[in-house]
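K.L.:
Here's the letter readout for the chains.
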Amino acid sequence: MAIANESHQEEHNMQEHHGAGRYVVIWVVLLVLTLVTVFTGRMHLPSFGLLLALVIASVKGTLVALYFMHLSEHRGANRLVFGVSIAFVVLLIGFTLMDFGTRFRLANPPGSQYSDLQAVDIGANPTEGRTGGHQQIQKQGHEVHE
Amino acid sequence: MSSAHVTPGSVPGPKLAAHFASLEVQKHAARLGMWLFLATEILLFAGLFACYAAYRFLFPEAWAASSRSLDLTMGTINTVVLITSSFTAAMAVHYAKEGKNAMVGHMNVLTLLMAVGFLVIKFFEYKHKFHIGTLPGRYYFYEGIQLPGAPLYFTVYFASTALHALHVVIGMTVLAFATVRAYRVGDFNANNYTQVELGSMYWHLVDLVWIFLFPMLYLV
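Protein chains in written order, with the UniProt record's numbering: chain A, 1 to 146; chain B, 1 to 220.
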C-alpha cells in the first residue's frame, strides 16, 4: 500500500500546475552561475579554485535535478535512486584519490608529480618532453628508408 | 482528493497495463525506471570523472596548462546553449501537461536546434585540436605544451566529451520522437505526457553531465 500512496502523492504533486515562471527563474539562475564560474575560473585561484568550481557546479546540478527533472515533486524511491547513485560517485572518486594519495612513492607513474623519475630519466629529450623519444624514432625510420 | 484519482477512460490517456493497480502507479513505475536508468548513466560518466581525478592528482601542471589551451569562449557558449536547451525541454513538459501540443513541438524543435548548435561548436573545437595536435596518447604532437601527462589530459578530454556528444545525439533522437508525435498525433495532455517527460529527463541528464564537464575541462 505504501507504494500506491507514494504514486498517488507523486501524481498529485506533478498534476498541481504551477506557472512557467519557475522554469524561467531556474534558467536565469543557471546562466548567472555559469557566468560566475567562468569569471572565478579565469582568475585561476590557486588553492580553492577547483573547490569553488565544483561547489558552483553542484549547486547548478541540484537546481536542474530538483526543478527541471522534477525531483522536488517526486517522493521516496526516485529520490533514493538518485541519492544512492551520487553517493557511489563520491565513493568511487574518493577511494581512487585516497589510493593515489597514499601510494608507495615508486608506484606512481614516471613523470608524475609524485615520482622521482622525471622525463629526463625515462629517456625523453628534456627540451622536447615526453614525446621526444617517439618522434626521434620516426625521424630515424625516415632516414633509413631514404 | 478522490477527483485527483485518474480513472482510465474518462479523459483520453495512455493504456493501463494489466499488471499495474492504477494509472498513477504505472506513471510512477515509468519515472522510477527512468531514474534507475539515469543512475546507471551517472555511474558511467563517474568512471571518466574518476580517471580525471586520478590523473589530475598525478599531473597537476600538465592539467593546468592543457586546460588553458582550450577555447574558453566556445566552451562558455556551449554551456549557455545547453542550459537554454534544457530550459526549453522543461517548457515542453510544461506545455504537454496543459495539452498544448503545438507548443510542445515548438519547444522540442528549439531544443533540437540548440543541440545541433552544440554539436557544431564541438565539431570546430575538435577540428582545431586535430589541427594543432592536442590529441590523446601517442597521437599528441602539440609543441606548445610538452609536459608529462598532457597527452593523458586529452585522452580524458576526448573520451568524456565524445561520450557526452553521443548522449546528445541519443537525446536528440528521443526528443525527435516526442516532437513528431506532438505535431502528428497531438495527444499529449494532463493524463498523457510521460513520453515528453522522460525524454526531457534524459536531456536534463545530458545538461547535468556538461555542467560538471565544463568547469573540470575548461576552467580549473
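Derived by calculation from the structure, the hints in this document are not laboratory data. Beta carbons: idealized from backbone N, C-alpha and C, even for Gly. Keep in mind that a hint or two might mislead.
Label pairs and their calculated CB-CB ranges [stated by the list, open to error]: (1) B:186 / A:109: 53 to 63 Å; (2) B:159 / A:66: 37 to 47 Å; (3) A:29 / B:128: 43 to 53 Å; (4) A:88 / B:64: 25 to 35 Å; (5) B:141 / A:15: 18 to 28 Å; (6) A:18 / B:16: 50 to 60 Å.
K.L.:
Could you run down the list of hints and mark each one as holding or not?
P.N.:
Hint check results:
no.	hint	verdict
1	B:186 / A:109: 53 to 63 Å	58 Å, holds
2	B:159 / A:66: 37 to 47 Å	29 Å, violated
3	A:29 / B:128: 43 to 53 Å	32 Å, violated
4	A:88 / B:64: 25 to 35 Å	29 Å, holds
5	B:141 / A:15: 18 to 28 Å	58 Å, violated
6	A:18 / B:16: 50 to 60 Å	27 Å, violated
Consistency note: the structure conflicts with the earlier hints numbered 2, 3, 5 and 6.
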